[in-house]
Amino acid sequence: MGLLGRYRGCFGGMHLPDGKAETLRRPIRDLPTPPRLRVPLAQSLEAPAVARVRTGDQVTAGQVIADPSGKGAVPIHAPVDATVGGFTTVDTPWSEEVPAVELQPTAKAPAPVPDAPIQLPTCNLAELLETASAAGIELQDGPQTTPQSHVEWIIVNALESEPLQTANLRSLIERPDEVISTAGWLHRTARAEHVTLVVDRRRRVLAGESASLRRATRGTAVRVVGLPDKYPQSFPMLLARSITGREVPYRQSPMDVGVWVIDVCDLLAILRAVGAGRPHTHEIVTVTGDAVERPGNYRMPLGVAVADVARHVGVHATAARVIAGSLLSGPAIRHLQTVLTNRLRALVFTRVPTPASRPPLGCIRCGLCVDHCPVGIDPRALLDLVERRRFDRVARRYPAACLDCGLCSYVCPSYLPVMRAVQRSRRHVLDA
Amino acid sequence: MSSTPDSGAEVSQQLPGPDWPPHIHSGRSIGHFHGAFLVAALPALLAGTVLFGLRSLLVCGLGVAGALIGERICQAAGRCDPPGAARRAHRLDAAVIGLLLALTLPVSVAWQVPIVGGLAAVVIGKGLLGGLGNQLWHPALVGWAILQLLFGPQVSPARYPVLARGHLVTGFISVTADSTDFFGFEASSPPPGIEAWSMRRPIELVSQFYRSDLETNRDAGSLLELFRDYLPPWSDTIRGHVAGGIGETCLPALLLGGLFLAYRGYIRWRLPVATLVTVAVLVAIWPIHTGRPASPGGVEMTALLPLLHTENGLPVGAAVVLFHLTGGGLWLGCVLLATDPISSPLTGRGQMVFGVGLGILIVVIRCNGWSDALPGGTYWAILGMSTIVPLIDRFTSRRVLGTRL
Chain R
0 MGLLGRYRGC FGGMHLPDGK AETLRRPIRD LPTPPRLRVP LAQSLEAPAV
50 ARVRTGDQVT AGQVIADPSG KGAVPIHAPV DATVGGFTTV DTPWSEEVPA
100 VELQPTAKAP APVPDAPIQL PTCNLAELLE TASAAGIELQ DGPQTTPQSH
150 VEWIIVNALE SEPLQTANLR SLIERPDEVI STAGWLHRTA RAEHVTLVVD
200 RRRRVLAGES ASLRRATRGT AVRVVGLPDK YPQSFPMLLA RSITGREVPY
250 RQSPMDVGVW VIDVCDLLAI LRAVGAGRPH THEIVTVTGD AVERPGNYRM
300 PLGVAVADVA RHVGVHATAA RVIAGSLLSG PAIRHLQTVL TNRLRALVFT
350 RVPTPASRPP LGCIRCGLCV DHCPVGIDPR ALLDLVERRR FDRVARRYPA
400 ACLDCGLCSY VCPSYLPVMR AVQRSRRHVL DA
Chain D
0 MSSTPDSGAE VSQQLPGPDW PPHIHSGRSI GHFHGAFLVA ALPALLAGTV
50 LFGLRSLLVC GLGVAGALIG ERICQAAGRC DPPGAARRAH RLDAAVIGLL
100 LALTLPVSVA WQVPIVGGLA AVVIGKGLLG GLGNQLWHPA LVGWAILQLL
150 FGPQVSPARY PVLARGHLVT GFISVTADST DFFGFEASSP PPGIEAWSMR
200 RPIELVSQFY RSDLETNRDA GSLLELFRDY LPPWSDTIRG HVAGGIGETC
250 LPALLLGGLF LAYRGYIRWR LPVATLVTVA VLVAIWPIHT GRPASPGGVE
300 MTALLPLLHT ENGLPVGAAV VLFHLTGGGL WLGCVLLATD PISSPLTGRG
350 QMVFGVGLGI LIVVIRCNGW SDALPGGTYW AILGMSTIVP LIDRFTSRRV
400 LGTRL
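The listed protein sequences correspond, in order, to chains R and D. Per numbering that gives the first Met the number 0, residue 0 is the first one in the first sequence, and the count goes up by one each step. Per numbering that gives the first Met the number 0, residue 0 is the first one in the second sequence, and the count goes up by one each step.
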């Protein structure tokens with residue numbers, strides 16, 4: 000916390016043109032279930048889950064179709080009533096040739112979401128984490144099932160400083176009461192000292208802070224805080240610093256200083272898993288970009304292919320690129336049969352073609368990358384070291400602090416591959 | 000030591016490509032930087048044209064031409080044919096170097112001086128000393144130093160011509176009159192047939208007072224006399240009706256250029272502000288002789304704290320500080336030359352250190368009487384500070400989040 004009780008934003012960063020108005024205005028809609036789902040058995044980089052169904056089996060929505068194989072992995076549930084069509088491999092935005100279960104949905108319409116009031120039980124943190132994990136929720140920045148450290152501060156992240164992405168903020172706008180009550184419940188369950196809901200300072204009125212949020216927070220421990228939405232303020236490391244004043248030590252996570260950063264979508268997933276026993280099988284994804292005819296936030300089942308999404312939202316024939324996640328740090332999707340996974344919050348179809356190969360002009364030491372780096376790395380120096388292959392010297396420049404925000408390459412007036420160089424050095428440091 | 004398979008060269012080839020984030024770019028390229036410096040230098044060029052006549056345009060044009068020829072020579076010698084965008088960026092860079100160099104020259108230089116300067120600045124200062132992005136010193140200042148060696152008396156003459164009232168822009172500077180009966184631009188009309196005054200730089204006259212009377216042959220007897228009889232009013236110094244290089248004298252024009260650069264984020268305000276503040280503070284406390292004693296053979300008077308020194312109730316000491324702040328190449332140096340990204344530190348803290356160091360060097364050169372050996376003290380000071388930029392960078396790097404807690 001800064002002077003006079005105001006919250007200090009992160010160092011560096013940048014206000015980017017965000018283009019969120021269009022998707023923020025529209026309610027979250029369901030993506031119709033496509034005729035074929037291919038549910039990947041590994042969401043990101045962990046060991047793939049082991050399928051427990053066989054070809055031809057009938058599965059119902061929410062049934063476990065694969066058991067976790069590694070530590071910290073989660074089981075995978077069938078998103079809809081379906082017949083198991085077989086086993087295959089798919090590409091996800093992050094990895095290739097991932098084993099997958101192919102499902103042929105039997106019901107055309109997606110399962111209706113019951114609107115019955117959800118009762119949150121009294122339990123302890125370990126039980127909560129176990130339930131969440133069994134429901135297929137991966138909490139990357141959260142406490143582990145056997146908590147080593149005490150959760151002192153819970154930060155519910157509705158800030159979303161990434162351009163175009165509105166999944167969390169839109170969820171908050173639609174369900175402020177549920178978000179607040181779940182945050183309060185999480186606070187009691189984890190025996191945390193503080194719980195803070197972070198919203199975009201510019202959009203807090205839109206988020207209902209003035210009326211419904213304030214009404215919902217009355218009498219609870221939840222504090223609502225507005226922060227400037229400069230990118231990448233919403234990254235957990237930076238939020239922890241801005242809200243609690245605690246600095247996460249190098250190569251550690253916010254949980255190591257007792258701060259649990261959880262975004263609104265994950266919070267609502269926990270609510271559904273713990274309160275109603277519904278596993279996490281659908282993800283809310285912001286589908287947007289200048290090539291999309293009907294942009295908006297869509298609730299889509301696991302295993303949907305990019306082509307299914309494109310067909311439903313109406314993508315112009317002139318679309319040139321598809322990007323998964325943030326425009327600054329997400330991977331480009333290689334082909335339309337790529338399958339979406341968990342933890343994907345945005346999908347951007349854009350007509351802007353791949354920038355013609357611009358010749359790097361050489362660093363003029365303008366210092367923009369140093370100025371904008373939110374963690375204080377000197378990306379220019381790392382690029383120099385990587386190009387000269389002096390990997391023995393990269394460690395003392397702390398490349399592992401990099402958050403992958405991509406601002407260094409974004410601002411570089413010479414179009415240098417600065418971000419890649421930092422990532423290379425980080426890999427070197429982490430592998431060492 | 001690394002046994003990793005992929006090399007740095009591969010990293011360079013992977014971006015910019017379709018697959019690697021970030022997928023968007025700020026749209027600001029090197030050309031914008033060079034263009035911004037060019038735009039920022041234009042007000043100074045315009046002011047120089049008004050104050051010193053159309054010949055200023057000729058000198059600047061020749062400087063730019065020389066720099067562009069130098070760029071051509073570099074590309075031919077390096078047998079490199081950079082693709083379109085890079086070639087344009089290099090040319091723009093050379094033009095900026097040539098223009099900035101020409102702005103430091105007096106309007107009275109012979110025509111070959113800016114050409115040689117522009118050529119030397121680009122070929123030696125930029126090409127041979129590392130190439131774009133790698134040079135330690137600002138190429139324009141390297142070119143200026145070379146000119147100083149080759150054409151010393153022309154580049155920093157004892158007397159500079161300044162157009163007289165009624166002869167701005169089109170006046171012909173080779174018909175000049177001595178400035179003994181010059182009492183300021185507003186007050187003095189030139190003798191018939193005379194279009195320009197020839198004047199000494201105020202800062203040199205002030206600097207004479209830092210040495211004792213015995214070492215130097217001062218023009219004025221005392222500080223009071225100096226300000227009353229020898230120097231133009233301070234307002235002239237600000238507006239630029241004063242001896243100096245083409246782009247050095249008009250402070251509003253330089254301020255405009257600097258504000259433009261700072262507002263658009265091409266330079267940071269810290270460096271020039273730190274320099275100016277340091278110069279002001281140091282000059283305010285640097286002891287200065289105030290003149291001959293009333294009785295012959297007496298000891299010369301010294302003001303230990305110039306800022307508070309008054310004579311006959313007039314704040315002479317404060318005037319010393321003001322003339323230091325506005326005189327010489329200080330503004331052109333710290334606004335357009337020292338802020339050059341390549342030869343200045345990376346971080347804000349480093350730029351602060353650079354600015355303070357620059358201010359100290361400038362004052363030391365001026366007040367120790369080194370100005371005779373080093374005419375154009377500001378530029379030598381910038382060259383000197385640029386030399387230690389790698390050192391400054393090393394000790395002022397930003398703390399990485401989570402380290403050194």
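Among these hints, one or two may not hold up.
To be verified - Just some of the chain R residues that point at chain D, by a computed CB distance under 10 Å:
| no. | residue |
| --- | --- |
| 1 | L267 |
| 2 | G366 |
| 3 | S408 |
What the hints contain is simulated information worked out from the structure, not anything from laboratory work. Beta carbons are placed, not taken as given, at the ideal position from N, Cα and C, and that holds for glycine.
| Of the hints stated earlier, which fail here? | 1
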